[in-house]
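Novice: Line by line, the protein sequences give chains A and G. Mapping the first sequence onto numbering that gives the first Met the number 0, position 228 (from 1) lands on 227, and the numbers just tick up by one. Mapping the second sequence onto numbering that gives the first Met the number 0, position 282 (from 1) lands on 281, and the numbers just tick up by one.
I should point out that these hints are in silico values taken from the structure, not numbers from a laboratory. Just so it is clear, the structure is predicted and the values come from calculations on it, not from any experiment. Be aware that a few hints might be false.
[What the hints assert, rightly or not] Below are the SDA-like pairs computed for lysine to any residue, each with C-alpha atoms no more than 25 Å apart in a straight line:
#  : chain 1 : residue 1 : chain 2 : residue 2
1  : G       : LYS131    : A       : ALA45
2  : G       : LYS132    : A       : ARG320
3  : A       : LYS293    : A       : ASP223
4  : G       : LYS374    : G       : GLU140
5  : A       : LYS371    : G       : GLU140
6  : A       : LYS131    : G       : THR43
7  : A       : LYS131    : G       : VAL47
8  : A       : LYS132    : G       : ALA45
9  : A       : LYS95     : G       : GLN121
10 : A       : LYS95     : G       : ASP340
11 : G       : LYS132    : A       : LYS95
12 : A       : LYS164    : A       : ASP85
13 : A       : LYS164    : A       : VAL422
14 : G       : LYS132    : A       : LEU44
15 : G       : LYS132    : A       : ASP46
16 : A       : LYS95     : G       : TRP160
17 : G       : LYS371    : A       : GLU140
18 : G       : LYS95     : A       : ASP116
19 : A       : LYS131    : G       : LYS391
20 : G       : LYS95     : A       : PRO55
21 : A       : LYS132    : G       : ASP340
22 : A       : LYS95     : G       : ALA40
23 : A       : LYS131    : G       : ALA40
24 : G       : LYS391    : G       : TRP160
25 : A       : LYS371    : G       : ASP139
26 : A       : LYS374    : G       : GLU140
27 : G       : LYS95     : A       : THR137
28 : G       : LYS374    : A       : VAL422
29 : A       : LYS95     : G       : ALA58
30 : G       : LYS164    : G       : ASP340
31 : A       : LYS374    : G       : ALA143
32 : A       : LYS95     : G       : GLU140
33 : A       : LYS371    : G       : LYS164
34 : G       : LYS131    : A       : ASP46
35 : G       : LYS132    : A       : VAL47
36 : G       : LYS391    : G       : ARG343
37 : G       : LYS131    : A       : ALA40
38 : A       : LYS132    : G       : LEU44
2 protein chains.
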Amino acid sequence: MPPPDPDPALGRMQRKRLSRRSFLATASTGAAGAAIAGTAAAGTLADVPERLPGAPVGARSARSPHVDLGRIPEATPGRRNLAPEDAINSKTPLHKLVGVVTPSDLHYERSHSGVPDLDPAQHRLLVHGMTKKSLVFTMDELWAMPSVSRIAFLECSGNGWENWKAADETLTVQHTHGLISTHEWTGVPLSVLIDLVGKERGSTWMLAEGGDATGLARSIPLTDEIMNETIVAYAQNGEPLRPAHGYPVRLLIPGWEGNLSIKWLRRLKFGDAPFMTRWETARYTSLMANGKAKQFQLRQEINSVITAPSGMMEIRPGYNRITGLAWSGHGSIVRVEVSTDGGRTWADATLNRPVLPKAQARFHLDWRWDGKPTKIVSRSTDDKGHVQPDRKTVIGEMGTNALFHYNAQQTWSIDAAGRVRNVLS
Amino acid sequence: MPPPDPDPALGRMQRKRLSRRSFLATASTGAAGAAIAGTAAAGTLADVPERLPGAPVGARSARSPHVDLGRIPEATPGRRNLAPEDAINSKTPLHKLVGVVTPSDLHYERSHSGVPDLDPAQHRLLVHGMTKKSLVFTMDELWAMPSVSRIAFLECSGNGWENWKAADETLTVQHTHGLISTHEWTGVPLSVLIDLVGKERGSTWMLAEGGDATGLARSIPLTDEIMNETIVAYAQNGEPLRPAHGYPVRLLIPGWEGNLSIKWLRRLKFGDAPFMTRWETARYTSLMANGKAKQFQLRQEINSVITAPSGMMEIRPGYNRITGLAWSGHGSIVRVEVSTDGGRTWADATLNRPVLPKAQARFHLDWRWDGKPTKIVSRSTDDKGHVQPDRKTVIGEMGTNALFHYNAQQTWSIDAAGRVRNVLS
Numbered sequence: 000m001p002p003p004d005p006d007p008a009l010g011r012m013q014r015k016r017l018s019r020r021s022f023l024a025t026a027s028t029g030a031a032g033a034a035i036a037g038t039a040a041a042g043t044l045a046d047v048p049e050r051l052p053g054a055p056v057g058a059r060s061a062r063s064p065h066v067d068l069g070r071i072p073e074a075t076p077g078r079r080n081l082a083p084e085d086a087i088n089s090k091t092p093l094h095k096l097v098g099v100v101t102p103s104d105l106h107y108e109r110s111h112s113g114v115p116d117l118d119p120a121q122h123r124l125l126v127h128g129m130t131k132k133s134l135v136f137t138m139d140e141l142w143a144m145p146s147v148s149r150i151a152f153l154e155c156s157g158n159g160w161e162n163w164k165a166a167d168e169t170l171t172v173q174h175t176h177g178l179i180s181t182h183e184w185t186g187v188p189l190s191v192l193i194d195l196v197g198k199e200r201g202s203t204w205m206l207a208e209g210g211d212a213t214g215l216a217r218s219i220p221l222t223d224e225i226m227n228e229t230i231v232a233y234a235q236n237g238e239p240l241r242p243a244h245g246y247p248v249r250l251l252i253p254g255w256e257g258n259l260s261i262k263w264l265r266r267l268k269f270g271d272a273p274f275m276t277r278w279e280t281a282r283y284t285s286l287m288a289n290g291k292a293k294q295f296q297l298r299q300e301i302n303s304v305i306t307a308p309s310g311m312m313e314i315r316p317g318y319n320r321i322t323g324l325a326w327s328g329h330g331s332i333v334r335v336e337v338s339t340d341g342g343r344t345w346a347d348a349t350l351n352r353p354v355l356p357k358a359q360a361r362f363h364l365d366w367r368w369d370g371k372p373t374k375i376v377s378r379s380t381d382d383k384g385h386v387q388p389d390r391k392t393v394i395g396e397m398g399t400n401a402l403f404h405y406n407a408q409q410t411w412s413i414d415a416a417g418r419v420r421n422v423l424s
Numbered sequence: 000m001p002p003p004d005p006d007p008a009l010g011r012m013q014r015k016r017l018s019r020r021s022f023l024a025t026a027s028t029g030a031a032g033a034a035i036a037g038t039a040a041a042g043t044l045a046d047v048p049e050r051l052p053g054a055p056v057g058a059r060s061a062r063s064p065h066v067d068l069g070r071i072p073e074a075t076p077g078r079r080n081l082a083p084e085d086a087i088n089s090k091t092p093l094h095k096l097v098g099v100v101t102p103s104d105l106h107y108e109r110s111h112s113g114v115p116d117l118d119p120a121q122h123r124l125l126v127h128g129m130t131k132k133s134l135v136f137t138m139d140e141l142w143a144m145p146s147v148s149r150i151a152f153l154e155c156s157g158n159g160w161e162n163w164k165a166a167d168e169t170l171t172v173q174h175t176h177g178l179i180s181t182h183e184w185t186g187v188p189l190s191v192l193i194d195l196v197g198k199e200r201g202s203t204w205m206l207a208e209g210g211d212a213t214g215l216a217r218s219i220p221l222t223d224e225i226m227n228e229t230i231v232a233y234a235q236n237g238e239p240l241r242p243a244h245g246y247p248v249r250l251l252i253p254g255w256e257g258n259l260s261i262k263w264l265r266r267l268k269f270g271d272a273p274f275m276t277r278w279e280t281a282r283y284t285s286l287m288a289n290g291k292a293k294q295f296q297l298r299q300e301i302n303s304v305i306t307a308p309s310g311m312m313e314i315r316p317g318y319n320r321i322t323g324l325a326w327s328g329h330g331s332i333v334r335v336e337v338s339t340d341g342g343r344t345w346a347d348a349t350l351n352r353p354v355l356p357k358a359q360a361r362f363h364l365d366w367r368w369d370g371k372p373t374k375i376v377s378r379s380t381d382d383k384g385h386v387q388p389d390r391k392t393v394i395g396e397m398g399t400n401a402l403f404h405y406n407a408q409q410t411w412s413i414d415a416a417g418r419v420r421n422v423l424s
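Use the sequences and the hints to build the structure in full.
Specialist: In structure tokens:
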């Protein structure tokens, strides 16, 4: 046994400051096994600030005043300096977040008529249509029923729309890809409600309608996948939904476009055909290059983006860790490749394990930048064999007039000064 | 194709209110396949409140004013009505949360000298001792290094201490088990820092010291498991650590007692024996029934608790969903059994999938209460074969003078009026 550690008698310890120097080291990073370079200084305890007394523990843990985290409220693409009441969506700061779980207050928002403040004691969910019974559920009843929790991404079908036509080089990844977030969602499996009301066999579509003023309503095809995976959700990351995310109850359809996951859910109506609401005739269709429009393009396709280094960041030559997020509405990400030479060659990034189906996956690649201008880009592959397309492929099919489901590989250019900028490819 | 849905022309719809009635239905809940009973009323759209306009989207999503969530600041067991400055821990409201992820502001707190507000620009981490180099890392340097994210529980070794000697029947599960939370943690793998400083082969222990005034410091055995799994963490649930949880950097050792996961981490020192700080001589030892004390009892043992119905709740005869949390510092939960007759017979609860290693697991059991007084209790099993002990076994080994690592099965009694109360067994 050694003697007790000399601390806290700091005064007795050597305080000579060593001259700071940069160093270079090679380390095993486990799965990556790649070379790491860093800059850290040699030093002693004299180089570490003194310990500090603190504030009392409390009922909640606030953020540090040193941490600046916020979303960007936006109207249509390119209109970011707007009056608060004009904002229709608010984007998650992907460049400032790590891991895959999004803090509850920073989950992206997209609303068609603002955020209603619903009283859970008054709110009701009607389930009716092609069913044996028409039932009205209180929120207490939903909370008391069988439940399921699942970590899943939710993504606005408009995510990526900034880059359909042209690349604004002032955009960050928050602008280009901030309409996606990942949460643990909890609620009643849709299948339980279906059993309770006795859905008729012939019913193949379900209308979901929101309690916001617009009454956003969408027709949802009752495939086995949707019947098995859809959650009538009342909680996010362990706590009750926040008003912006549908309090007191919303639909959550993992892997499908966000606007199907109706917030402030007030009714589910079963039928034998799509209900053709204005949202699926006028709004959520995509004009293709051939002049026809895609309708009921409901699944979020495979996607990925490098979150660091990303738009408006600056890097230095030497070691740079490339990290980002990949996701697919089809299932689980199994591979992410990264190119650091504009798409000529590709290297496999390391995926943080476990990768959960229909959740974002975090990837990493150790990279040594030689200081020369280049472009970095990622592409993902899922367990159903889908590979994220390049921009040329997406535009070839869709043209540049569509607004939704842009999932092309995202390229960031890096100039000789290390400035990272949004480019089309 | 049917005609467009009549909504939003609500006025045209039938508004006759049907008399509310209770109903009983049997539904398949998938894995559980159990009978469910519920109460919901027959009704139409007239029974659902009108839709409401809303507030603008913003930079952050606040909680609903209808949601009341807070921790309970506490001093020693039984002292809950205290001045804020006397609180040393603050317990997570497990009875109000669902799923397994804990909201960042509600993760339990335990501090020995309050919550210091450290400036990340000034803070440093020294890594030294039996190493080839002594290095001082800035926070920017740590953020730029290879990283890993992991969903893991963190638990105070004092969790459960309320029930060592006697059962206060006014306690909720927040009181009895609120010193555990689960987050996604992100940071630098300890193994990367070890490679950078060149730890000597003979070093088998590591001292970790905090930057709070107390300078909480613990000796950590460098087993393969700890070397592989420990994270020098700077983020929780995607965002930078909050001050109460160690901002700007802390240790995170999945599965081991919380006080080893040193917050406000200022140095790691490598040695060839434990450093015998006062925390491991005077504080974190457990007096056993035989008069000897356990020292370096570091792993959090297998545990579980029913969170609903739980202490101070009231239930009604009929369908009641039993739900709770199970966890083990050894690995993954593979089974949770629930008894609704005070431990005479047991039924397998359903585990929410996937179950992650060293994270909390959520379990459910459908139950029909017949209205007679009874006791409910859970016991968990992990993938290493550990089974949560009953109270008699725990007390038989430890007596009633220990304070730490109480992991006995938690029993809740239910009287004829449906009142749920904390009892020893």
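Novice: Please flag the earlier hints that this structure goes against, numbers listed from lowest up.
Specialist: Violated hints (numbers, rising): 4, 10, 11, 16, 19, 21, 22, 28 and 33; every other hint is consistent with the structure.
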